[in-house]
Each structure stands twice: as structure tokens, then as C-alpha cells.
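Taken in order, these protein sequences are the chains called A and B.
For the first sequence, my numbering begins at 80 and goes up steadily by one.
For the second sequence, my numbering begins at 10 and goes up steadily by one.
Read the hints as simulated data drawn from the structure, not as lab findings.
Computed from a predicted structure; not experimentally measured.
A hint or two may mislead.
[Unchecked claim] Below, a list of computed lysine-lysine pairs in the DSS-like style, where the Cα atoms sit at most 27 Å apart:
1) B:K40 x B:K66
2) B:K66 x B:K147
3) B:K66 x B:K288
4) A:K153 x B:K62
5) B:K40 x B:K88
6) B:K218 x B:K147
7) A:K238 x B:K40
8) A:K153 x B:K214
9) A:K369 x A:K442
10) B:K319 x B:K294
11) B:K214 x B:K142
12) B:K177 x B:K142
13) B:K66 x B:K86
14) B:K88 x B:K66
15) B:K218 x B:K319
16) B:K177 x B:K232
17) B:K142 x B:K232
18) A:K238 x A:K442
19) B:K40 x B:K294
20) B:K88 x A:K238
21) B:K214 x B:K147
22) A:K153 x B:K324
23) A:K384 x B:K95
24) A:K238 x B:K324
25) B:K150 x A:K238
26) A:K238 x B:K177
27) B:K95 x B:K232
28) A:K153 x B:K288
29) B:K66 x A:K238
30) B:K150 x B:K177
31) B:K142 x A:K153
32) B:K66 x A:K153
33) B:K288 x B:K278
34) B:K338 x B:K232
35) B:K218 x A:K153
Okay, here's what each chain looks like letter by letter:
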Amino acid sequence: MTRDNNSHSDKANPGIKPPPANTVGIIGWIRKNLLGGWVNTLLTIISIYILWLALPPLFDWALLNADFSGSSGKECTTNGACWAWLDQRINQFFYGFYPPESYWRVNLSLILLLPALAYILFENLPYSKYGRWFALSYPIISALLLLGGAGLEVVTTDKFGGFMLNLVAGLAGIILSLPIGIVLALGRRSKLPLIRMFSIAFIEIIRGVPLITLLFVAVIIVQLFLPPGVSLDQLVRVMIMITIFASAYMAEVIRGGLQAIPNGQYEAAQAVGLGYWRSMRLVILPQALKISIPGIVNTFIGLFKDTTLVIIIGLFDILGQARLLQTNPDWMGKVDHETFLLAALFFFIICFSMSRYSINLEKRLDTTNK
Amino acid sequence: MRLNLIRFAAMAIITLLSFGTAHASTLNDVKAAGHLKCGINTGLPGFAFTDDKGNWKGFDVAFCRALAAAVLGNADKVKYVNLTGKTRFPALASGEIDVLSRNTTWTFSRDVDLGFTFLGVSYYDGQGFIGRKSLGIKSAKELDGASVCIQTGTTTELNLADFFRSNKMKYEPVPIETNAEARAGYLAERCDVYTTDASGLAATKSTFKDAENHMVFPEIISKEPLGPVVRQGDDQWADIARWTLNALIVAEELGVTQANVNEKAKGTKNPEINRMLGKEGSMGKMLGLDATWAVRAIAAGGNYAEIFEKYLGTKTPLGLSRGLNALYKDGGILYAPPIR
Numbered sequence: 080m081t082r083d084n085n086s087h088s089d090k091a092n093p094g095i096k097p098p099p100a101n102t103v104g105i106i107g108w109i110r111k112n113l114l115g116g117w118v119n120t121l122l123t124i125i126s127i128y129i130l131w132l133a134l135p136p137l138f139d140w141a142l143l144n145a146d147f148s149g150s151s152g153k154e155c156t157t158n159g160a161c162w163a164w165l166d167q168r169i170n171q172f173f174y175g176f177y178p179p180e181s182y183w184r185v186n187l188s189l190i191l192l193l194p195a196l197a198y199i200l201f202e203n204l205p206y207s208k209y210g211r212w213f214a215l216s217y218p219i220i221s222a223l224l225l226l227g228g229a230g231l232e233v234v235t236t237d238k239f240g241g242f243m244l245n246l247v248a249g250l251a252g253i254i255l256s257l258p259i260g261i262v263l264a265l266g267r268r269s270k271l272p273l274i275r276m277f278s279i280a281f282i283e284i285i286r287g288v289p290l291i292t293l294l295f296v297a298v299i300i301v302q303l304f305l306p307p308g309v310s311l312d313q314l315v316r317v318m319i320m321i322t323i324f325a326s327a328y329m330a331e332v333i334r335g336g337l338q339a340i341p342n343g344q345y346e347a348a349q350a351v352g353l354g355y356w357r358s359m360r361l362v363i364l365p366q367a368l369k370i371s372i373p374g375i376v377n378t379f380i381g382l383f384k385d386t387t388l389v390i391i392i393g394l395f396d397i398l399g400q401a402r403l404l405q406t407n408p409d410w411m412g413k414v415d416h417e418t419f420l421l422a423a424l425f426f427f428i429i430c431f432s433m434s435r436y437s438i439n440l441e442k443r444l445d446t447t448n449k
Numbered sequence: 010m011r012l013n014l015i016r017f018a019a020m021a022i023i024t025l026l027s028f029g030t031a032h033a034s035t036l037n038d039v040k041a042a043g044h045l046k047c048g049i050n051t052g053l054p055g056f057a058f059t060d061d062k063g064n065w066k067g068f069d070v071a072f073c074r075a076l077a078a079a080v081l082g083n084a085d086k087v088k089y090v091n092l093t094g095k096t097r098f099p100a101l102a103s104g105e106i107d108v109l110s111r112n113t114t115w116t117f118s119r120d121v122d123l124g125f126t127f128l129g130v131s132y133y134d135g136q137g138f139i140g141r142k143s144l145g146i147k148s149a150k151e152l153d154g155a156s157v158c159i160q161t162g163t164t165t166e167l168n169l170a171d172f173f174r175s176n177k178m179k180y181e182p183v184p185i186e187t188n189a190e191a192r193a194g195y196l197a198e199r200c201d202v203y204t205t206d207a208s209g210l211a212a213t214k215s216t217f218k219d220a221e222n223h224m225v226f227p228e229i230i231s232k233e234p235l236g237p238v239v240r241q242g243d244d245q246w247a248d249i250a251r252w253t254l255n256a257l258i259v260a261e262e263l264g265v266t267q268a269n270v271n272e273k274a275k276g277t278k279n280p281e282i283n284r285m286l287g288k289e290g291s292m293g294k295m296l297g298l299d300a301t302w303a304v305r306a307i308a309a310g311g312n313y314a315e316i317f318e319k320y321l322g323t324k325t326p327l328g329l330s331r332g333l334n335a336l337y338k339d340g341g342i343l344y345a346p347p348i349r
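The following block holds chain A by itself, in its conformation from the complex:
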């Protein structure tokens, strides 16, 4: 019975009392979750003690005792954090070496990303028909904005950097690795031996090699196979490698989802006369992908964090910028923790959002009977 029914019957039968005050609301939650049984109570006390030990000094260090102004590390004289560099350097942490007069192009493509993402991620938005088309063309629009051409000043990819570079490389990898992963997963379960063997070989070889090795191959060896005079953009090479690496993992995640679908579903789809592609599209994949959401998002988060490896090709993502500031003689030795903390914060925000969205998506698509 639901609570509505209860309250309704309360009026009808005044003899039934509401639940005791100490089992509902905040007090009830605390009693149940934090103080339920002596083990929980002990854990709660220990946790509070650890937080009490750790948080106030951290707060003191990061904010209360911190230095916020100055033009070099020497001016950070307190024992707290040194945030004086934020003022001058925050742009480089965001945009890398992108020309400052063109920052608006990065900002604009970032702003456009929000509606594009919204139209893909959420249903029931107004104008969703046009919105979907906009979302589909977004990669082209943003590539044009970021790289230039068609009237805009051209910016080469070696000027990309900072958190914008993480976003560009991460998003490109995420957008491309899901469809490639689906195709590979289907290929691995295909009845056609050639396709199956190709998929297995691709997945196993890529998964069997560390990402950093693939990146070295992309940076150093690919040059060998290209005809003289032709050179593929370094960032593109790295993005391709990150994408195929994530695709191989994605394929296995989705294959797990496919295997969880009972045979009855395949047979039922055949029984109503659906061919392979339609049965996959209408019956199997929607269920398999739904099951795989946690694994897919897991791979996305891993991929996003792997974008920090662009340092291998001498590009400075947000982590690279942090290290770069640490080697500036004016700041050397003063900003090690602060810069890493900032980079970690950015990554945490993005990765945590992805994880929350996936939980939201799981709940929305949940069709099991509970």
C-alpha cells in the first residue's frame, strides 16, 4: 500500500496512529542509516572523527590561510595554498595556447554543446525534431568553430590545450566509440566467420596492448606508412587511437549486454518476421544497451581521463598546464598541490556528472516490475 492510501484511511479510522516520529524524517534516517546497530554506530563515530581531523586543516590550507594575490611564487608567504597564479594563468588552464582573441569561438562551441547534449540526453524537449538535427550537426559546427576556415582565422591543433583539449578529445572519443563498439560487438556475435574473426582480432589486439603503446605507434610509426609529404595531424592521430581503444572495451561491455538477453527475445523477434537488422534495432539492442549503461559510462569516464595522455605528443591538456606552471621559475615548488587540485576538480565535475546522468538514465529506462 502506498502512503496516500494510509493518510486516506487515517481520516476514516482515527484509531490508527501515524508512525512514531523517530522513524520518519531526518531523525528516522539518521537512526536507521547511521546508528542502526553498534557496528554502524562505531563506523559513524570513526568517520566523523576522521572528517574532523581532515577537513578543518584542508579548509584552512585551501582557503583561510591561502594567498590569492601576487605575481610570483615568492609573494606566497603564508603556510596555506598559493592561488595567486589563478589570475594570470586560468585562461591557459582552460584554453591552452588558443589565441586569446578567438576565445569566443571555444566559448560558443561550449555553449552550443549544452543544447546539443540536452537534445540527445533528454526526451520531451520543445522543438525536439530540429534539435536532433542540430545535435547531429554539432560536431561539424564545433570543428569549424575551433579549427577555423570559412572566414574564421585558422587555428592549428597544436594551439589546443587546457581543459578545452580534454573536452574536445574526450567528446570526440565518446561520440565515436559507442557506434563503433556496437558494430564490433555485433560483429563478434555474427554468424559470418570473416566478420566474426575480424571483430575478435580487432578487439583482442587493441585490448591486449596498453594505450600508451598505441599512442607511441600513432605518434612515431604512423609516419612511416604515410607517403612522403603527407602528414596526418598529430591530435587527429591521438584521437583515433583513443577512440579505437575505447571502442574495443565498449564492444565487450555491449557484448555482455547482448548475452544477457534471453534467447526467447531473439526467437520472438524472428517469429514476428523481423530480419536481422530490424530485430537488433527494435528488440535486442534497446534492451542490451539498457543493461550495459553502467559499463558504457564506466568506459566513457575511463576514456575521458585517458585524454591526459596527449602530453606524449607535446600537447598540454589541463594536467599538462599544471605541470607547465610547476616548471615556471617564478612559481616552481610553490604550486604543485594547487595546480593538481584544480585539474582534479575539473575532472571530478565532468566524471561525476556523467555518473549521475547514467543513474538518472537507468531509472528512467527501468521497466522491470518492482
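Mind docking chain B on chain A? Use the hints.
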């Protein structure tokens, strides 16, 4: 064993790569591209770092700028390619860069076996150790059993092995990718001592809050002549780059500075200055450049002394004294052949 395998693989790749690229004239390529592709560090205090505007600065960067000024007439026409200890040689061999100016030690095998040409020595360094005074030792020879933070893929790694083997001591390496991480690792006591070039040790120590509790041990266990590098097989390009470096050193010797170089280029009583700055002789033409190549190289960032003092010297946070890097007549060993 593993190191040998890796080195063998690296050499095989480099050999393969150099077949493809050892054809054209680098000078023409650079002129056609309109910019110099210069390989530099991914960040090393004093040698390569960025300012607030995102411009590259530093001792190694200054050489790139001088060379670009000599060849292209504009010190800003440099495309910097940032390289790690592992990617620098393949990048040079594959033609991705025209010159490598990345605190690279000149050694026999790099020069002979890898097929590169070292242009000279721009900085004489040597490897040392820094450790806590609380270890209670006074010399690196007492380090038996110590754990050592070390950057991978560098000559430092090999020197360390040699030093401990020849002194019959054991050590536990703590391999680390960059200088900043090594410093952090050392401060977090992941290792007893940290080893790198003496210039790096001085810079590192200057950043410690409790510098008085640390000491640099007196032993310098290696020779580390650092200098710019080009691919073997293009002698004209090697000559241009080598004499740009020499011109900066000779300029210090002759008192030609960034401030007075344009004045002196109009002609002086000293024939050596006149030859270098293109007033007499035809040095520029011999190199395949115009007569005032050295004027531009010096005007780009000053002579050797000016560059050194600006990025490494005692007035900078690194606070390095000239030491071995003083001119031969000032007690150092910096000695450039005459421009004649």
C-alpha cells in the same frame, strides 16, 4: 636486458625512419615552410617554460629563436614541438623537427649510433645527488642501499647504474617521468635521494621551504655536455646551426650585445667583429645565408651571457652561477672556434 630490447627497438625504428627523410635540404625546407620546427622540453625550469601569455621562454628556447632569426629573419617564426625524453630522438629522426634544443647530453652512442650530429655544447652540466641531512652521510659514496628518485629515458639513469656498480653499492631506483614529479616524490620521502643534473638540483633545492635540511652531495658523477642536435647527413644545416651557437658565444667574448649589435654592425675597428657581423668577408654567403645572419641571431635574445643571465643566472630564481659555463678567459671552459 629489457632496456637493451627497448633500445634496440628504438634504434631499429630510427634507422627505418631516417631512410625516408635523409634527402632534402633542411634549409630549403625551413625557408619553404616559413618557420623553424624546434624540439624543446615539455617544461624544465630555466630551459623551457611558458610565461603568462603562453609564450615559450628559456635557455633552450633562446637558441631556437636565434636560429630562426638567422635563417628566416624573424625570431618569432618558430614552431615549438614539445618532446619528452622518449620522443625526442624519434621526432628528430622522422623529420618532425628541424633541430632539437632540449637539454640533450652529447654522448658517443647518440652521436655515432643514432645518426645525429651534435652542434656543440651550450651548457656544461654534471649529475649530482641531493639528500636529507638527516640521513647522516656526507658523501654520495655512502649511499649503499639507498632508494633513488630518477628520471627515466635519460643518461642520468645509466650514469647512476655505472656509479653504483663501480663503487660496489646497491640501490633501489624509483623511476619517475618528469622533474616536477621527482621533486614531489623526493619531498614525500618516496626516495632517500634524488639525482639529476647539478643545474636541476640547484633549481630544485631553491624551491624547498626547508632548504637548510637538504644537501647536495659533493660528488659530480658524470659529464653532461648539453647541446643542440640535428640529423646527420645535411652538413649545410648542421653548419648553420653550429655557427649560430658559436656566434652567440663569440659575441660575448667580443662584447657584442643585444643592445649594441646593430650599432656594431655598421662597422668597428675590430676585424673579427666585422667578419662576424657581415661587414667584412663573406661568412654568411658561405653558410648559404645573407651577410647579417649573426646580427639577427644576436639581436634575437642577446649573446650567450645575456641569455644565461636572463634564464639561469644568479638573479633568476634558479640562481645558477656560470661555473664551467664561463668563457675560457673567465675561468670556465666555454670556448668557441674563431669566426674566420
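Hints versus structure:
Our distance criterion of 27 Å between C-alpha atoms is met by K40 of chain B and K66 of chain B, whose separation comes to about 23 Å. As the CA atoms of K66 of chain B and K147 of chain B are separated by approximately 36 Å, the hinted pair breaks the 27 Å bound. Of the pairs offered as hints, the one joining K66 of chain B and K288 of chain B is violated, with about 31 Å between alpha carbons and a cut-off of 27 Å exceeded. Taking the CA atoms of K153 of chain A and K62 of chain B, the gap is near 20 Å; set against the 27 Å cutoff, the hint holds.
Distance check on the hinted pair: K40 of chain B and K88 of chain B sit about 13 Å apart at the alpha-carbon level, within 27 Å; holds. Using a Cα cut-off of 27 Å, the hinted pair K218 of chain B and K147 of chain B holds, with the two alpha carbons roughly 21 Å apart. Between K238 of chain A and K40 of chain B, the direct Cα distance comes to roughly 22 Å. Compliance with the 27 Å bound is thereby established for this hinted pair. Of the supplied pair hints, the one linking K153 of chain A and K214 of chain B holds, its CA atoms being roughly 15 Å apart against a limit of 27 Å.
Restraint check: the Cα-Cα separation between K369 of chain A and K442 of chain A comes to about 10 Å, which is no more than 27 Å; the hinted pair holds. With a CA separation close to 31 Å, the supplied pair K319 of chain B and K294 of chain B exceeds the 27 Å bound. Proximity of K214 of chain B to K142 of chain B is assessed by CA-CA distance (about 13 Å); at most 27 Å being required, the pair is judged to hold. Restraint check for K177 of chain B and K142 of chain B: satisfied, since their Cα atoms lie roughly 23 Å apart, inside the 27 Å limit.
Between K66 of chain B and K86 of chain B the CA atoms are separated by roughly 14 Å; this keeps the pair inside 27 Å, and the hint holds. At most 27 Å may separate the alpha-carbon atoms for a hinted pair to count; K88 of chain B and K66 of chain B meet this at roughly 13 Å. Restraint check for K218 of chain B and K319 of chain B: the C-alpha separation of about 24 Å stays at or below 27 Å, so the hint holds. For the proposed pair K177 of chain B and K232 of chain B, the alpha carbon gap of about 21 Å is at most 27 Å, so the pair holds.
Note on K142 of chain B and K232 of chain B: the hinted pairing holds, with a Cα-Cα distance of about 25 Å set against a maximum of 27 Å. Proximity of K238 of chain A to K442 of chain A is assessed by CA-CA distance (about 41 Å); at most 27 Å being required, the pair is judged violated. With a C-alpha separation of about 16 Å, the suggested pair K40 of chain B and K294 of chain B falls inside the 27 Å cut-off, and the hint holds. Distance restraint check for K88 of chain B and K238 of chain A: the Cα-Cα separation of roughly 10 Å lies within the 27 Å cut-off, and the hinted pair is therefore satisfied.
Of the pairs offered as hints, the one joining K214 of chain B and K147 of chain B holds, with about 17 Å between alpha carbons and a cut-off of 27 Å not exceeded. Taken as a hint, the K153 of chain A and K324 of chain B pair is honoured in the structure, with Cα atoms around 14 Å apart against an allowance of 27 Å. With a CA separation close to 22 Å, the supplied pair K384 of chain A and K95 of chain B stays within the 27 Å bound. Straight-line distance between C-alpha atoms of K238 of chain A and K324 of chain B comes to about 32 Å, which puts the hinted pair past the 27 Å bound.
Taking the CA atoms of K150 of chain B and K238 of chain A, the gap is near 47 Å; set against the 27 Å cutoff, the hint is violated. About 49 Å separates the Cα atoms of K238 of chain A and K177 of chain B, which puts this hinted pair outside 27 Å; it is violated. As the CA atoms of K95 of chain B and K232 of chain B are separated by approximately 21 Å, the hinted pair is consistent with the 27 Å bound. Proximity of K153 of chain A to K288 of chain B is assessed by CA-CA distance (about 46 Å); at most 27 Å being required, the pair is judged violated.
Distance hint between K66 of chain B and K238 of chain A is fulfilled; the C-alpha atoms sit about 16 Å from each other, no more than 27 Å. Proximity of K150 of chain B to K177 of chain B is assessed by CA-CA distance (about 10 Å); at most 27 Å being required, the pair is judged to hold. At roughly 25 Å between alpha-carbon atoms, K142 of chain B and K153 of chain A fall within 27 Å of each other, so this suggested pair holds. Restraint check for K66 of chain B and K153 of chain A: the C-alpha separation of about 20 Å stays at or below 27 Å, so the hint holds.
Under the criterion of a C-alpha separation no larger than 27 Å, the hint pairing K288 of chain B with K278 of chain B is consistent with the structure, at around 11 Å. The hinted pair formed by K338 of chain B and K232 of chain B meets the criterion: a straight-line CA distance of about 21 Å does not exceed 27 Å. Pair hint K218 of chain B plus K153 of chain A holds up; C-alpha atoms about 11 Å apart against a cutoff of 27 Å.
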